[in-house]
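Trainee: Sequence:
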Amino acid sequence: MLVDGYVLFLYGAVLARQISVQPLIRPIDLMAENAHSELSAVFYALDKSLGELDKYYDVCYDNQSGQGDVQQSIAYFPIVKYTNCVKYNFQLGQMKNIAEAKEYMKITSVLIPQKDSSESGRRAGKRVKMAAVFPILYKAEYDGTNVVIKFTRTYSIDAHKACASRKYAPRVIYYEDNTTYQVVIYEEFMGKPFSKKDHGTNSTVIGNLTAALKVLHDKGFVFGDLRPPNILVNEDSNVNLIDFDWSGKAGVGRYPEVVNSGIPWPEGVNYGRRLEKCHDDEMFSKLFK
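Mapping of the sequence shown onto mature numbering (1 follows the signal peptide of the UniProt record, and there is no 0): residues -16 to -1, 1 to 273, in sequence order.
There's no promise every hint is true.
[Unchecked claim] In silico lysine-lysine, DSS-like type, Cα no more than 30 Å apart, as pairs: (1) Lys80 x Lys65; (2) Lys233 x Lys71; (3) Lys151 x Lys65; (4) Lys145 x Lys180; (5) Lys80 x Lys123; (6) Lys71 x Lys145.
[To be verified] Derived DEER-like restraints, expressed as beta-carbon distance ranges: (7) Asn18 x Ile82: 40 to 48 Å; (8) Leu34 x Thr163: 15 to 23 Å; (9) Ile247 x Lys32: 40 to 48 Å; (10) Val(-10) x Ile63: 15 to 23 Å; (11) Lys151 x Gly184: 38 to 46 Å; (12) Lys151 x Phe268: 15 to 23 Å.
Read the hints as simulated data drawn from the structure, not as lab findings. All C-beta atoms, glycine included, are put in the ideal place defined by N, C-alpha and C.
All chains, please: the whole structure from these sequences, using the hints.
Mentor: Structure, rendered in structure tokens:
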């Protein structure tokens, strides 16, 4: 909790593979006419939430045999609620060997302030590469198959399934949307990211990628983020699209808040703008330039 002048801020932190701090509420102007009622509601919700967390962790400790197991179970954040097990015929007991999938996580460069060793005492900075907080990805084994577990704020499971039905995306094993984040578990596709050098003149790869986009577009979907890291190619020149976080219906779905301005996107690709098939077509052309 932080008070800056007459404005109150409230944050929550999660200590998982790295610390994630997020605002829990919009800043409250303590001088506003309705501040007392808004503040009362926030403190009431905070009190209830802390009580729920205490109950949750009490159960964690009661259900675990060893302290190390407790810490491991708490460290896994976010949490899969497994609300769709019947729909997907998902057997929780088949999940084994869960580990971070750093090779699939998006890496960002963060400036860490450091005190300069010179006499001036000015602060310098050091850039460190870190995995983004979201999406979070893990690898595991499910019923003898290597799988990827992905936690993300947005995801078009329908677009994913459309591609998977034609083997242009990994097979979906499980999916749930708990309104806070979405969880998708899919079969790991053993391939390398598309590169112009390795695949730019491969007619089979080009044909498969063209066919994958046609499947999406014919069903009214836009992939939205058609860049090399999201296009995997195996030794047989088969193509799988991954990362359907931005995907959605053409003319209906919208681009998310975080659109990297350092990437030369097609005109019209920006936060809140509608998804259009022509954006995919232009990004497809850029792959070979």
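Trainee: Compare the structure with each hint and give your call.
Mentor: Here is what the structure says about each hint:
Straight-line distance between C-alpha atoms of lysine 80 and lysine 65 comes to about 17 Å, which keeps the hinted pair within the 30 Å bound. Distance check on the hinted pair: lysine 233 and lysine 71 sit about 24 Å apart at the alpha-carbon level, within 30 Å; holds. About 28 Å separates the Cα atoms of lysine 151 and lysine 65, which keeps this hinted pair within 30 Å; it holds. Restraint check for lysine 145 and lysine 180: satisfied, since their Cα atoms lie roughly 27 Å apart, inside the 30 Å limit.
Taken as a hint, the lysine 80 and lysine 123 pair is honoured in the structure, with Cα atoms around 9 Å apart against an allowance of 30 Å. For the proposed pair lysine 71 and lysine 145, the alpha carbon gap of about 14 Å is at most 30 Å, so the pair holds. In this structure the supplied range 40 to 48 Å holds for asparagine 18 paired with isoleucine 82, their Cβ-Cβ distance being about 46 Å. Taking 15 to 23 Å as the suggested C-beta distance range, the pair leucine 34 and threonine 163 conforms, at roughly 21 Å.
Hint check: isoleucine 247 to lysine 32, Cβ distance near 42 Å, so the stated range 40 to 48 Å holds. Checked against the hint of 15 to 23 Å, the pair valine -10 and isoleucine 63 fails, with Cβ atoms roughly 32 Å apart. Checked against the hint of 38 to 46 Å, the pair lysine 151 and glycine 184 fails, with Cβ atoms roughly 22 Å apart. The hint said 15 to 23 Å for the Cβ distance between lysine 151 and phenylalanine 268, and at roughly 19 Å that hint holds.
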